[in-house]
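Peer 1: Below are the chains, spelled out letter by letter.
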Amino acid sequence: NAGVTQTPKFQVLKTGQSMTLQCAQDMNHNSMYWYRQDPGMGLRLIYYSASEGTTDKGEVPNGYNVSRLNKREFSLRLESAAPSQTSVYFCASTGTVGAADTQYFGPGTRLTVL
Amino acid sequence: RKEVEQDPGPFNVPEGATVAFNCTYSNSASQSFFWYRQDCRKEPKLLMSVYSSGNEDGRFTAQLNRASQYISLLIRDSKLSDSATYLCVVNFYSTLTFGKGTMLLVSP
Numbered sequence: 001n002a003g004v005t006q007t008p009k010f011q012v013l014k015t016g017q018s019m020t021l022q023c024a025q026d027m028n029h030n031s032m033y034w035y036r037q038d039p040g041m042g043l044r045l046i047y048y049s050a051s052e053g054t055t056d057k058g059e060v061p062n063g064y065n066v067s068r069l070n071k072r073e074f075s076l077r078l079e080s081a082a083p084s085q086t087s088v089y090f091c092a093s094t095g096t097v098g099a100a101d102t103q104y105f106g107p108g109t110r111l112t113v114l
Numbered sequence: 115r116k117e118v119e120q121d122p123g124p125f126n127v128p129e130g131a132t133v134a135f136n137c138t139y140s141n142s143a144s145q146s147f148f149w150y151r152q153d154c155r156k157e158p159k160l161l162m163s164v165y166s167s168g169n170e171d172g173r174f175t176a177q178l179n180r181a182s183q184y185i186s187l188l189i190r191d192s193k194l195s196d197s198a199t200y201l202c203v204v205n206f207y208s209t210l211t212f213g214k215g216t217m218l219l220v221s222p
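Residue numbers (this note's numbering), protein chains in the order written: chain A, 1 to 114; chain B, 115 to 222.
None of these hints come from the bench; they were simulated from the model. Treat the hints with care, as some may be off.
[Said to hold, decoys possible] Computed footprint of chain A on chain B, listed as stretches where at least three residues anywhere in the stretch have a Cβ under 8 Å from a Cβ of chain A:
{"#": "1", "stretch": "130-139"}
{"#": "2", "stretch": "209-221"}
[Unchecked claim] Across the chosen pairs, the derived CB separations fall in these ranges:
{"#": "3", "chain 1": "A", "residue 1": "Arg44", "chain 2": "B", "residue 2": "Asp153", "range": "12 to 22 Å"}
{"#": "4", "chain 1": "A", "residue 1": "Pro8", "chain 2": "B", "residue 2": "Asp153", "range": "37 to 47 Å"}
{"#": "5", "chain 1": "A", "residue 1": "Thr86", "chain 2": "B", "residue 2": "Gly123", "range": "21 to 31 Å"}
{"#": "6", "chain 1": "A", "residue 1": "Thr96", "chain 2": "B", "residue 2": "Asn136", "range": "20 to 30 Å"}
{"#": "7", "chain 1": "B", "residue 1": "Ser142", "chain 2": "A", "residue 2": "Arg44", "range": "22 to 32 Å"}
Even for Gly, the Cβ is constructed at its ideal location relative to N, Cα and C.
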């Protein structure tokens with residue numbers, strides 16, 4: 001049981017390049033999320049998927065697209081990377097602790113856009 | 115008013131000290147509450163849930179005050195390994211809102 005996995009761990013892009021961040025979970029969770037974390041800003045939600053086949057915008061969706069490929073996988077795509085997208089990206093899925101939903105995070109992708 | 119507010123710290127304490135963090139939240143209809151721990155350059159990990167009656171997990175005690183809309187975390191007998199950032203998290207219909215975290219530094 002690997003939990004939530006993310007690839008790649010590190011990436012350097014040039015402005016204008018595109019890339020896809022991959023996320024997979026093996027906990028049979030329905031909901032999955034993409035966050036970015038910047039110094040002094042905390043975690044900000046980019047997109048989420050409440051179930052297979054559905055996606056919704058979060059707080060900071062501009063410049064990103066997502067695909068919920070199946071129940072396990074949720075990818076994040078940067079079509080034309082910008083320096084403002086330099087950040088640490090975390091994928092998460094929702095499970096239940098007691099009677100409450102909470103989130104389990106992947107190890108993160110550290111992205112630098114030059 | 116920010117949804118979840120925390121003192122960013124850092125809180126510098128010696129080993130063995132007791133330290134407490136508070137967190138306030140703005141949505142009075144929030145349903146569940148958590149403390150997460152985040153080590154430097156790592157992902158956030160669930161530390162403990164926070165229940166209305168208060169709850170303990172070893173050296174850690176969490177309390178919730180719904181009337182005043184705040185959550186607290188008490189760490190007793192601090193260890194060097196407790197050095198991390200502690201995130202307060204509030205759940206409203208499966209939408210989690212994270213505070214920016216409070217940094218704790220425990221020194222020998």
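Peer 1: Now, for every hint given, state plainly whether the structure supports it.
Peer 2: Verification of the hints:
Interface restraint, the stretch 130-139 of chain B with chain A: violated (0 residues with C-beta to C-beta distance below 8 Å; minimum three). Requiring three or more residues with a Cβ within less than 8 Å of a Cβ of chain A, the coverage given for the stretch 209-221 of chain B holds, as 5 such residues are present. Arginine 44 of chain A and aspartate 153 of chain B have their C-beta atoms about 20 Å apart, which keeps the hinted 12 to 22 Å range intact. Proline 8 of chain A and aspartate 153 of chain B have their C-beta atoms about 20 Å apart, which leaves the hinted 37 to 47 Å range violated.
Taken as a hint, the range 21 to 31 Å holds for the pair threonine 86 of chain A and glycine 123 of chain B, whose Cβ atoms sit roughly 25 Å apart. Taking 20 to 30 Å as the suggested C-beta distance range, the pair threonine 96 of chain A and asparagine 136 of chain B conforms, at roughly 27 Å. At roughly 23 Å, the beta-carbon separation of serine 142 of chain B and arginine 44 of chain A lies within the given 22 to 32 Å, and the hint holds.
Comparing the model with each earlier hint shows violations of hints 1, 4; every other hint is respected.
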